[in-house]
Amino acid sequence: MKEFWGRNQAWLTPFLLLLLPAGLFLLVIVSSTVQSIWLSFFDWDGTGPKSWVGWGNYVELFDDPQFWVSLKNNVIWLVLFLLAPVFGLALALFLNQRLPEMRFVKSVFFIPLVLAHVIIGVVFTWFYDPTFGILALAFKALGLQPLAILSDEHLVTFGIIVAALWSQIAFCLVLFLAGLSQIDHELIAAAKMDGASGWRLFRHIVLPQLHSVTFVAAIITVIMSLRNFDMIAVMTQGGPYGSSTVLAYQMYDTTIFSFRAGYGAAIATILFLIMSVYIAWFLWYTLRNEAREQH
Amino acid sequence: MFERDSSIRRWLVGMALASSALLTAGQAQAQQTLTINTDRSGAGQKAAFNKIVADFEAANPGVKVNVNYSDVESYKTSIRNFLVTSPPDLAFWFTGARMRAFTKRNLFADLTPFFKANQLNEPMQPFLPAVTDNDKIYMMPTNLTTWGFFYNKQVFEKAGITPPTTWDELMAAAAKLKAAGITPFTIGTRDLWANDLWFDYLDLRINGLDFHMRLMDGKEKYTDDRVKKVFTMWGDAIKKGYFQENASSYGWQEAIPFLAQGKAGMYLLGPYVLTSLPADVHGNIGFFKFPVVDPAVPNFEELSINGVGVPAGAKNKELAQKFLAFLAQPDNMIAFAKAGAVIPARTDVTIKDDPFAQSQIEHAKAAKGSSQFYDRDTDPEMAQIGMRGFQEFLANPDREAAILDRLEKARARIFK
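Respectively, the protein sequence lines represent chains V and U. Here the first sequence is numbered in the working numbering, starting from 158 and rising by one per residue. Here the second sequence is numbered in the working numbering, starting from 2 and rising by one per residue.
No incorrect hints appear here.
In silico lysine-lysine, DSSO-like type, Cα no more than 30 Å apart, as pairs:
{"id": "1", "chain 1": "U", "residue 1": "K316", "chain 2": "V", "residue 2": "K207"}
{"id": "2", "chain 1": "V", "residue 1": "K207", "chain 2": "U", "residue 2": "K137"}
{"id": "3", "chain 1": "U", "residue 1": "K179", "chain 2": "U", "residue 2": "K154"}
{"id": "4", "chain 1": "V", "residue 1": "K297", "chain 2": "U", "residue 2": "K241"}
{"id": "5", "chain 1": "V", "residue 1": "K229", "chain 2": "U", "residue 2": "K77"}
{"id": "6", "chain 1": "U", "residue 1": "K177", "chain 2": "V", "residue 2": "K297"}
{"id": "7", "chain 1": "U", "residue 1": "K240", "chain 2": "U", "residue 2": "K410"}
{"id": "8", "chain 1": "U", "residue 1": "K264", "chain 2": "U", "residue 2": "K339"}
{"id": "9", "chain 1": "V", "residue 1": "K207", "chain 2": "U", "residue 2": "K77"}
{"id": "10", "chain 1": "V", "residue 1": "K297", "chain 2": "U", "residue 2": "K264"}
{"id": "11", "chain 1": "V", "residue 1": "K297", "chain 2": "U", "residue 2": "K159"}
{"id": "12", "chain 1": "V", "residue 1": "K207", "chain 2": "U", "residue 2": "K410"}
{"id": "13", "chain 1": "U", "residue 1": "K417", "chain 2": "V", "residue 2": "K207"}
{"id": "14", "chain 1": "U", "residue 1": "K105", "chain 2": "U", "residue 2": "K410"}
{"id": "15", "chain 1": "U", "residue 1": "K47", "chain 2": "U", "residue 2": "K323"}
{"id": "16", "chain 1": "V", "residue 1": "K207", "chain 2": "U", "residue 2": "K105"}
{"id": "17", "chain 1": "U", "residue 1": "K159", "chain 2": "U", "residue 2": "K177"}
{"id": "18", "chain 1": "U", "residue 1": "K179", "chain 2": "V", "residue 2": "K297"}
{"id": "19", "chain 1": "V", "residue 1": "K207", "chain 2": "U", "residue 2": "K222"}
{"id": "20", "chain 1": "U", "residue 1": "K220", "chain 2": "V", "residue 2": "K207"}
{"id": "21", "chain 1": "U", "residue 1": "K240", "chain 2": "V", "residue 2": "K297"}
{"id": "22", "chain 1": "V", "residue 1": "K229", "chain 2": "U", "residue 2": "K410"}
No wet-lab data here; the hints were simulated from the structure.
Sequences and hints are given; from them, build the entire structure.
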């Protein structure tokens, strides 16, 4: 036994250590995903018998106007959420100064990150309240008619995205501050001696060194935009009349309130397919980089 | 490694022994525990229910009752889960189609023998149809919510209005209020269901109970002329601007302050209006029932019956039924109902010291027939789609045809 261990320790140790996390991943993530995709081919109310419908759920989905509204909203979320790394980086550059007050200022900017999304959603609902909310009061102070953002089918998604961005920007801020603290100061000093400053310094010296951090921030932002559910559920319940629903919320609503687990699973599968585009790209990119580094 | 550290081994064995000792000690002291899940968590009803629970524990030594309170909206989601995965011994819920959604999936236990053994069939007779599915009784009715117009007395006085008894009078009152700069009807539609009252009552008053229940059962079309009549009348009031602006920004509860502060005149809702307001304002809030629209149609009302059932997977069914029998006693039923400004589901009780509650009992008794509530009478999925349609109609009354079309498509698919 001891000899076996001695000879194979090099691969046996990582294998055993990985067994638990890999096992959990297979059990919780992979098997659940496979089960959901399998469910999407049935008509099931969640507790009774299942009946096979093949592609029926998907055919109905493409005919469902709510699905297209959800998809459109998902695209809007995706595009607007990409502003989070941009603002996060801008804030990080601003906060990366060696002033004594900066510690306090940084912690204030971190606060959105530690608040639960549900709380952020509730508070923003009060903020947007068309009679008593701060936004309404600001409009009135300027002499304008207050906008009921959460009641307007055209503005509601943007209203919720603002609330979600508030928290996502803080997240990107943390990542970029960490990244900025890692950059090579000698390179910056050398560049300054050569006469680089301002935008050119940023674009050619700082930004390339933030490459991997930017990548991580972008990927996580994309995933968070597709995943977002808490704020929509709390602020508008997908309304008004379904105009702020996204795929994640529609999947929850049809499964729980309409007792249609099969249909909900079909929506979940579509969401998974959209996400897997990004996951595939992420894996390809990372593996390509690692392959490069090994040469 | 393990041979060397026998101290670690001894520590591990010691811990195992200690924890198993704790476990067995816990089992030895275990009493009977009754788990109750309820959404009746308003301050008044929570206190009243806690007292009933304490009284039950006192009358039954060795029994511990755990009550899990939840807010009404999230309970609607969680009950779907816990009835299947971790059923309590008693679960409070709505009756009618809401109950049948679960009984047809065999998630509640049959209570017909319980009713017979405790002689509850007679005092609860008018409420039994709501808790019956396939000739078996599955829930015990606890109390019923009455619905109607709650109005601000001072606002009415100032505008020179008296509570209207016909639709025309209601519209005239609304016009006067609007001219005085007050919102005639306040309403919060973010959580969807407050609108149902307008649709239900107009349908009951124009087309009668029979047609309404057939529509709920999916046997009539949403594009039927009679439904269009309801929408036309409702749309008329909406287009005149009589309803709260941006209603979908407010939950049903958030729209109540407008009534109390005199910014709005009336709210078609239930007694929650009173339980949501501090006691010192109650004197200023009056009640009148939904006015007559067509004098040829009898006086049908909306009476929503709440109940409690024993989940099919409950572990302590006998103890649960014992608690139900205790709760069914007239004094407990009255206390529980009064605390929530609803009326108890027993025909043999009167509430002597609360004139408002007694007036609601008379109001319920005077009804020639009743429906429960849109989202309790019709299929849950149809209810979701219908309620979203009403929410959209309130904000965009000119989309009437498109909305009715959509509802009809959903009805055809769901009730095939």
